[in-house]
Amino acid sequence: MPETAVPAIRVVDLVKAYGRVRAVDGVSFEVAAGAITGLLGGNGAGKTTTIAMIMGLILPTSGRIEVLGRDIATARHEVLHRMNFESPYIDMPHRLTVRQNLKVFGMLYGVLEIEARIAALAADLDLEALLDRETGRLSAGQKTRVSLAKALINSPELLLLDEPTASLDPDTADWIRTRLETYCRERGATILLASHNMPEVERLCGDVIMMKGGRIVDQGSPAGLVSRYGRDTLEDVFLDVARGRAVES
Amino acid sequence: MTSQHLLRDPATAGASMRRISAMVLRYWFLLRSSWPRLVELIYWPAVQMITWGFLQMSFAGHEGALARAGATFIGAVLLWDILFRGQIGFSVSFLEEMWARNMGNLMMSPLKPGEFIAALMTMSIVRLIIGFVPVSLLAMFYFGFNLWSLGLALAAFFGNLIFTSWSIGLVVSGLVLRNGLGAENLAWSLTFLLLPLSCVYYPVETLPGWLQSIALMLPPTYVFEGLRALVLDGVFRADLMLKAAGLNVLLFSAALVAFFALFASARRTGSLLQLGE
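Sequence order for the protein chains is E and V.
Its first residue numbered 0, the first sequence is counted upward by one per residue in numbering that gives the first Met the number 0.
Its first residue numbered 0, the second sequence is counted upward by one per residue in numbering that gives the first Met the number 0.
These are calculated hints, taken from the structure and not from any lab test.
It should be emphasised that the depicted structure is a prediction, and the values quoted were computed from it without experimental measurement.
Incorrect hints may appear among the rest.
Not everything, but these chain V residues come out facing chain E in the computed CB check (under 7 angstroms) [as the list claims (entries may be wrong)]: (1) SER32; (2) SER108; (3) SER148.
Here a beta-carbon is modelled for each residue, glycine too, at the ideal position from N, C-alpha and C.
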């Protein structure tokens, strides 16, 4: 099978149960290589648990996950250097400077010519003036740019993003989205994005997976979903799904 | 462009020295940037040494058994510090990741648990050296106890104690991974259980029979017995060191099994994503 035909992510009948509670309940989906796919859902819908299982941070109760053609249960360490992750809810060491943090993560990901890679990322992400400042002393927007630099340090084929622009002002958030679009286009990378920000999802994602109560309740392009639900925006569709309203057509 | 153009061989089959070095470098950057952390490494060992050093000096003014017991105090204090500070060095480096909320980044990276453990063991020695060398010099020049003159015996004592400290550090780290920072206090208190049980300041015969059985299952007991034999009788008891080494192999193996079991349990329960209290 040619490599391009292998989906970047394939999830089959994924279940995560905590006692009687099923946080993820029989989820199956594929993310095509090179696509940007959004994972939408309210709090407790199962988005973060799903992403954590894709990363291997949480073990599924049952089901199968393949990432970049490898079974994450048995070959996780064969693909971890080809993927990366960014979330505003996971910090980088505060006392280390931006350069030190990027150097450490560059070494962890096996990046060659780390200094050149850091310089290139600093230029791309407007971090040059921040490289020798302590990461903990940066503003929220600056920290997000540093986290994004860490997420791109290994030029990943697959990027998992958990609400990447949460708590950012509109200007900074737009700046981040533009960088993500550019990276994906130039690298041919795949992005799976969990977000509550509907304009962000509409702008970035070619495909959207909507989750509720641990299950996938709908899937399609943002425009297709808006059309199918007879709504004006994806946010209206999100509210329909969250509140259990039926599809109009 | 594939990522292979940017990345070196990911070394998926075995451990990567580069990833271990990355973690050691990360902790070195942290220590270097924080003078309170550096001072703390020396402060408590120095305070303890000064306290016990003066006590020993007061004993030295007496004759007989009291004077002989006093002669072992400084050595016991220094060796106890290897055990305690070795474990603290391991556990605190681990806890730094929890405090920094960086564990998700590490667990998502190609860093393997075994490489993480190797980095923590290395940092335990680095932190120990920073704190221990100045204090051992204080003991030598002010209290007249030259630990370095023990030579091979010191290496045997150190090797056994540091392995015990890593075993405790592994269990504490596994418990914190599984249960969150609510288990953090174990890092500061668990080793103290060994203070009475491994007979740091008195011979094993001092304990009641049933407690002696427990003490003799602990590797440090043989180290401190060995220290007393060396200081009081001038005899290096290699047999005691071998017993300690054998027990350490068992203890460290059990601690590794416990760590990996707790790590797997943390992945099952999702606690790697909820690393607060």
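A quick look at each hint next to the structure:
1. SER32: holds (5 angstroms)
2. SER108: holds (5 angstroms)
3. SER148: violated (39 angstroms)
In the structure shown, a violation is registered for the earlier hint numbered 3 alone.
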